[in-house]
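Chains as they are written, first to last, in the working numbering: chain A, 1 to 228; chain B, 229 to 530; chain C, 531 to 932.
Pairs of lysine to any residue, SDA-like flavour, derived with a Cα cap of 20 Å: (1) C:876 <-> B:399; (2) C:876 <-> B:400; (3) C:876 <-> B:404; (4) C:876 <-> B:398; (5) C:697 <-> C:711.
It is worth saying that the hints were derived from the structure and are not from the lab. Keep in mind it's a predicted model, so treat the numbers as computed, not measured.
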Amino acid sequence: MSGVIVSAANVTRSFAMPAGAVVAVRDVTLSITQGEHTAISGPSGCGKSTLLHMLGCVDTPSSGTLRFDDQDISTLNDRARSLLRLRHIGFVFQRFFLLPMLTAAENVELPQAEAGVARDERRRRTLELLEYVGLAARADHRPSQLSGGEMQRVAIARALANRPRLLLADEPTGELDQATGEHVASLLDRVNADGTALVIVTHDPEMAGRARRVLTMRDGRIDGEVTR
Amino acid sequence: MATHRKDEPFGPFGPFVTFGSFVSFWAFVVLTFASALLVAQQPETPSILISRQLAELEQIAVGDEVRLATNEQGTDARAFRVAGIYEPTPDPMRLGAVPREVRLHLTDLLALERDASTPAGTEHVESINVALRNPGEAQAFAADVNARIPGVFARGTTGAAGSGSTFVVLERFHLAIAAVTIVASTVFLLALTIMLVDERRATVGVLRLIGLPARRILLQVLLEGLLIAGAGALFGLLLALASEGLINRFFQWRYDTALIFVKVTPEVAATCLAIAVPLGAAATVAASWALLQRSGLRLARR
Amino acid sequence: MMPLDLARGGAPLAFAWRSLVRQPARATLGILGVAAVGALLLDMLLLSQGLVTSMQDLLDSSGFDIRVAATDPIPGKPDIEDGAAAAAQIAALPSVSAAIAVRTEDADIQLADGRPTRATFAGVSGGRSRPWTILRGADIRGEHEIVINDHAAQAIGVAPGASVTIKAYCFGGAEAAPAIPFRLAGIAEFPFDAPNQSGAGTTIASLADACGTPDARTADLVLVTSSGDPDAAATAIAALRPDLRAFTNTEAVGQMQQRGFTYFRQISTVLTTITVSFALLLITVLLTVSVNQRLGEVAALRALGFSQGRVVLDVLFESALIVGIGGLLSLPLGAALAVWLDGILKRMPNLPAALHFFVFDPQALWIHGGLLAATAIIAALYPMSIVARLPIAATLRDEVMG
Numbered sequence: 001m002s003g004v005i006v007s008a009a010n011v012t013r014s015f016a017m018p019a020g021a022v023v024a025v026r027d028v029t030l031s032i033t034q035g036e037h038t039a040i041s042g043p044s045g046c047g048k049s050t051l052l053h054m055l056g057c058v059d060t061p062s063s064g065t066l067r068f069d070d071q072d073i074s075t076l077n078d079r080a081r082s083l084l085r086l087r088h089i090g091f092v093f094q095r096f097f098l099l100p101m102l103t104a105a106e107n108v109e110l111p112q113a114e115a116g117v118a119r120d121e122r123r124r125r126t127l128e129l130l131e132y133v134g135l136a137a138r139a140d141h142r143p144s145q146l147s148g149g150e151m152q153r154v155a156i157a158r159a160l161a162n163r164p165r166l167l168l169a170d171e172p173t174g175e176l177d178q179a180t181g182e183h184v185a186s187l188l189d190r191v192n193a194d195g196t197a198l199v200i201v202t203h204d205p206e207m208a209g210r211a212r213r214v215l216t217m218r219d220g221r222i223d224g225e226v227t228r
Numbered sequence: 229m230a231t232h233r234k235d236e237p238f239g240p241f242g243p244f245v246t247f248g249s250f251v252s253f254w255a256f257v258v259l260t261f262a263s264a265l266l267v268a269q270q271p272e273t274p275s276i277l278i279s280r281q282l283a284e285l286e287q288i289a290v291g292d293e294v295r296l297a298t299n300e301q302g303t304d305a306r307a308f309r310v311a312g313i314y315e316p317t318p319d320p321m322r323l324g325a326v327p328r329e330v331r332l333h334l335t336d337l338l339a340l341e342r343d344a345s346t347p348a349g350t351e352h353v354e355s356i357n358v359a360l361r362n363p364g365e366a367q368a369f370a371a372d373v374n375a376r377i378p379g380v381f382a383r384g385t386t387g388a389a390g391s392g393s394t395f396v397v398l399e400r401f402h403l404a405i406a407a408v409t410i411v412a413s414t415v416f417l418l419a420l421t422i423m424l425v426d427e428r429r430a431t432v433g434v435l436r437l438i439g440l441p442a443r444r445i446l447l448q449v450l451l452e453g454l455l456i457a458g459a460g461a462l463f464g465l466l467l468a469l470a471s472e473g474l475i476n477r478f479f480q481w482r483y484d485t486a487l488i489f490v491k492v493t494p495e496v497a498a499t500c501l502a503i504a505v506p507l508g509a510a511a512t513v514a515a516s517w518a519l520l521q522r523s524g525l526r527l528a529r530r
Numbered sequence: 531m532m533p534l535d536l537a538r539g540g541a542p543l544a545f546a547w548r549s550l551v552r553q554p555a556r557a558t559l560g561i562l563g564v565a566a567v568g569a570l571l572l573d574m575l576l577l578s579q580g581l582v583t584s585m586q587d588l589l590d591s592s593g594f595d596i597r598v599a600a601t602d603p604i605p606g607k608p609d610i611e612d613g614a615a616a617a618a619q620i621a622a623l624p625s626v627s628a629a630i631a632v633r634t635e636d637a638d639i640q641l642a643d644g645r646p647t648r649a650t651f652a653g654v655s656g657g658r659s660r661p662w663t664i665l666r667g668a669d670i671r672g673e674h675e676i677v678i679n680d681h682a683a684q685a686i687g688v689a690p691g692a693s694v695t696i697k698a699y700c701f702g703g704a705e706a707a708p709a710i711p712f713r714l715a716g717i718a719e720f721p722f723d724a725p726n727q728s729g730a731g732t733t734i735a736s737l738a739d740a741c742g743t744p745d746a747r748t749a750d751l752v753l754v755t756s757s758g759d760p761d762a763a764a765t766a767i768a769a770l771r772p773d774l775r776a777f778t779n780t781e782a783v784g785q786m787q788q789r790g791f792t793y794f795r796q797i798s799t800v801l802t803t804i805t806v807s808f809a810l811l812l813i814t815v816l817l818t819v820s821v822n823q824r825l826g827e828v829a830a831l832r833a834l835g836f837s838q839g840r841v842v843l844d845v846l847f848e849s850a851l852i853v854g855i856g857g858l859l860s861l862p863l864g865a866a867l868a869v870w871l872d873g874i875l876k877r878m879p880n881l882p883a884a885l886h887f888f889v890f891d892p893q894a895l896w897i898h899g900g901l902l903a904a905t906a907i908i909a910a911l912y913p914m915s916i917v918a919r920l921p922i923a924a925t926l927r928d929e930v931m932g
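Chain A with its partners taken away, still in its complex shape:
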């Protein structure tokens, strides 16, 4: 399939619990293509985040096949999966997860340093990204000196550091007020418009409504799909 970045075929993810196995994702099949903007919504506990983690190769399915760039993820070891995430996937988290001892610029530089990007190129790219998210003036500020919205924008810049083809956002506006969330959502729209495939997990209908394709999950299954 041309243009498909990641595809899931009949993937199921279950967790062994003391009271019995819990199936978080049941028999889901979907694919994400280049430049796509997809939202996954549903009530709390329906398996949205679990599905997102599998798409981002952070988690592996209990059954079914997950492929990234037509390569079966289950054949990759941890090192190969890490490299895949580093170079091709960006993550934005609800809790931001910026490193508090690094400045905004250093947080954005971090994945580039890990990917072996040369210093000058790193610095240039970091400035470019911070300008992109509107925080060039706050480059030397630590996360504790930034507001929630600013932290999330730095997190987006960090996620874009190595030019990923796929950006995954798990409740990116979950900890933000409406106005700030609107700002972040617009930024994510812009990222997608510039060519990065975007998958957002959200329970916010307005956030979901911005996507071209909305998948609705219930009890671990995709029980609805709307494409605009």
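Using the hints, position chains B and C against chain A.
What follows is chains B and C alone, placed relative to chain A:
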């Protein structure tokens, strides 16, 4: 055949049996008496006690006869009988040395060491140990002896070593090591309590925001700290008691001695608790006090 | 602020440093704790061989490398018959450079009508070698001349050339010896003098006179200087005089180690073990609590593409930094602590002033570094395993729920 009569049990041979019995009896008496005289004329082998270690090394058993001499050439050696094997009193000053010891009667030792030309009674001994009926009078007794008998020096055994004695110095050394260990432990304890208190900063922040005064929170922390420090100190004490047995057993085996190397006395245990519990509680309070200097809003904010 | 502009391989160190300094109080206390523990560890390593090394140096510096006695433990009772003759016999051996007989007794030294000072009184047989070093004045040249140490000189207020009285207390003496006049030739240093101990030296014949037994020829020891091979000289002496025992300095120290010094080796082993275990436990706890407080960050880094090895390496480097910096600080701290502890132990009675318990040994430094390095690695194992086995998705989920 002669007739067997009750009043003549041995028949015609009766007189010969009677005479033979008489001779046998007296021969036995004479021989016994002569043996006793012979043994009495031979001098009895004096007895000695030897240390267990010497007995094991030289394969000597109770009842064995050995010869002791005061020189390597073995001249003028005398025979002694091993009457028993004893466990030497452990001597910390001779740790590592195998006690190849023999205990003799003083007269036997003096006789062994005495030059043949020296009459008995003119030898000297190095010391005389005295056990008083009332040990509390030791110092007074020693002073009295020193005053009355020139040429001898008497002293009580308690504190005889003085402040410069080897074991007093070693005790100071051990205390110095303990002091350094306490300092290192306190530093680590502070680091740990800071980390543990920091984990609860959000909770503390919320409590401050809803109006609880800092003093109230500190009191809570103090009580928690006392509880944790007390439990920890008791656990440490149990660990020390277990280690005491292990260390003593190991070194007693290593040096083949009955010395006690580590002893956790009630005083030692009380001192350790008296140091550990306040230190632990104080560390928790100190870490919390530093945290409480910040505003509740700042603490509650993630 | 350390910028992240190290080469890729060095980034973990910079990252570990930044992780450490984000909590300066915690990091400082951890490092100081390691410094204190490391100082104690270093001192225990110095103590394990310090006394032996110091005694060996003391014996070697005395100028004699073999000691000959009539008994096994040295020194024993004075029972080398005709010590001077024995010394002369031994000195004639080709493997021997010099030999002197020595007898030691106690004596009171005083000026006329002055207060006496009790001294250790050594008498030596002929030859030019001496178990003392002249500081002022001259060495003894004839009979009834003595040299004394500074402590004795100050105690009785006397200078070279003065006349003093000697009242000796000799082993085996049946009667109290009379006081004998001596001329003070010089002030000397006796290597085995304890602090605050008076010492004096004269000829063995003069000492016998002072003991009231002018015909006595016994000696405690024969001190021997070999021609270069003490082992060969000791063997030759044993062959010449099978009734005597010859100990090289190394053998003499070995005897002392077995008899009296073993306590210090044992306590240093016990305390080294306890110290290392203590440091291990505390650094493990410090790192584990620190890691547990950052699990969300670690999971986020893993999600961003940091490999398992990389995040594990971060923890290892953090441990290495705490232990490394603390270990460096422990060196001057350990040196100062060693001086203090040495001062305490040197107050033991009858120890030569030149003897030390803590002696610097380069090997101790290597062992110290090795033990600390092992501690850093082992202490990091558990927190490294936490980070290595961290379930990324579950942790991210838990962080959100939390």
